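Number of protein chains: 2
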Amino acid sequence: MRATLTHAIEDYLKIIYDLSVIDAWVSTSQIAKALEVKPASVTGMIQKLAAVTPPLVEYRKHYGVILTPEGERVALEIIRHHRLLETFLHETLGFDWDAVHAEADRLEHVISEEFEERIAQVLGDPTHDPHGDPIPDRDLQMPVHATTCLSELRVGQQARIERVRNDNCELLRYLSERGLLPGVEISILDYSPFDDNLYLQVQGRPESIVLGPRITGQIFVELK
Amino acid sequence: MRATLTHAIEDYLKIIYDLSVIDAWVSTSQIAKALEVKPASVTGMIQKLAAVTPPLVEYRKHYGVILTPEGERVALEIIRHHRLLETFLHETLGFDWDAVHAEADRLEHVISEEFEERIAQVLGDPTHDPHGDPIPDRDLQMPVHATTCLSELRVGQQARIERVRNDNCELLRYLSERGLLPGVEISILDYSPFDDNLYLQVQGRPESIVLGPRITGQIFVELK
DNA sequence: AAAATAATTTAGGATAAGCTAAATATTATT
DNA sequence: AATAATATTTAGCTTATCCTAAATTATTTT
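These protein sequences, in sequence, are chains A and B.
The first sequence begins at 1 in my numbering and counts up one residue at a time.
The second sequence begins at 1001 in my numbering and counts up one residue at a time.
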């Protein structure tokens, strides 16, 4: 079934996005703590988010979730709402510093695209909210074509790297040293079900690269 | 048990208030039609509204409901939110006249008292919304609804449009395209008793406008 | 590598607000 | 006053999102 984006779902996606700054894979208990609900409730919800069409998260039992491109698109939309609202409440309506957050948290789920555009215009298309957080811009939403993550690929498949969703400098250096950058074409050599490691090769390079499950879930690719 | 004011409850109270303009006692089916839910659902909800502490409606089986003072207080609070929001969306954010209603319908349940006060202040404590409906004031006094509606006028009479009591976007656009807005002066050209249509003209415009009986009962005017 | 601890999932309920179908009350027509 | 037509209510289901308690899986300590 196609997803109806309830407030609760939007809250989950937003929190998952926020938590995935450190590690794109986010655990049940992290989400539970952030949303102030019980872990069992989180399990129920993320199973739903993964089952919906198109899936909003990828879910691995006892491990965690990662946003799909579609999930991230929705998360960014809500975050744009939130940060524009905070800015608007503070700048235009004169709300205090500490009051804007709670108000924006309720309004973000309810405003239309027209409302969003009009306050953006009134504010002169700001790039940062009053806390200094960046406001995703209107069309920074994900590319339209369907992408999968590396961990979904089978041995023998070929793909082109689309993007790497991670802030971790070390990881990014590790990848770039091996030529694993957006745009590059790769093929899957082998997969170890024991430790979930993926062996792959960059087109035109001799050596094989091993990637663990934590990383393969963060690299999005376009199938060939 | 003490009432938790959900969005649904607020919608019921608001609609009951609106419907009680004609008769303070409002029937199940009137509410069902206005809210676009089934009569059985209305019965369930109004039984709850009557059972809560303090009761929000008085309920008589097979007869209808009437708002209690507490129910009316809540209804007026929501209506104040709604009408302030409509005014704000139109005046401050530049929304079209006919687009404000849908947006306000969602926002009204979600804004804080602080938000309410700040937009009221920005607008200079307005007494009427862009449709001409009175905005209940901060201490929630009853607005006075004593005006005549268009359908009561005779051929040759002149009047000033006071307010249009309707949610239908298409209708509102239809009216605004013809310059039929609150504040505008009109005169009645003709009336057809066969189909109950009213022919009228906006002061300073050449063309005549035809309105059916469904509409003329919803446009309130002040006689000249 | 076994036991202890922690995290996660499953199973089974609770509540809010909607629905349909059947039962009952009210009102209108003959 | 009996019947027909309407309106309303009851009973029982559905979906969304939460909960608790018990079962399971993962991780850490010894």
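No lab work stands behind these hints: they were computed from the structure.
A few of these clues could be false.
[Claimed, not checked] Across the chosen pairs, the derived CB separations fall in these ranges: (1) 114(A) with 1138(B): 23 to 31 Å; (2) 1094(B) with 158(A): 49 to 57 Å; (3) 1167(B) with 6(A): 31 to 39 Å; (4) 1008(B) with 177(A): 36 to 44 Å; (5) 138(A) with 1070(B): 18 to 26 Å; (6) 158(A) with 1006(B): 25 to 33 Å; (7) 105(A) with 1157(B): 46 to 54 Å.
Computed from a predicted model, the values in this text were never measured in an experiment.
Every residue, glycine too, gets a C-beta built ideally from N, C-alpha and C.
Outcome of the hint check:
For residue 114(A) and residue 1138(B), the hinted distance range of 23 to 31 Å is satisfied, since their beta carbons lie about 28 Å from each other. The supplied range of 49 to 57 Å is met by residue 1094(B) and residue 158(A), whose beta-carbon atoms lie about 51 Å from each other. Against the hinted window of 31 to 39 Å, the Cβ-Cβ separation of residue 1167(B) and residue 6(A) comes to about 24 Å, which falls outside the hint. Checking the proposed 36 to 44 Å range against residue 1008(B) and residue 177(A) shows it is violated: the Cβ atoms sit about 57 Å from each other.
For residue 138(A) and residue 1070(B), the Cβ-Cβ distance of about 44 Å falls outside the hinted range of 18 to 26 Å, so the restraint is violated. A hinted range of 25 to 33 Å is violated for the C-beta pair residue 158(A) and residue 1006(B), which are about 53 Å apart. Checked against the given bound of 46 to 54 Å, the beta carbons of residue 105(A) and residue 1157(B), roughly 52 Å apart, stay inside it.
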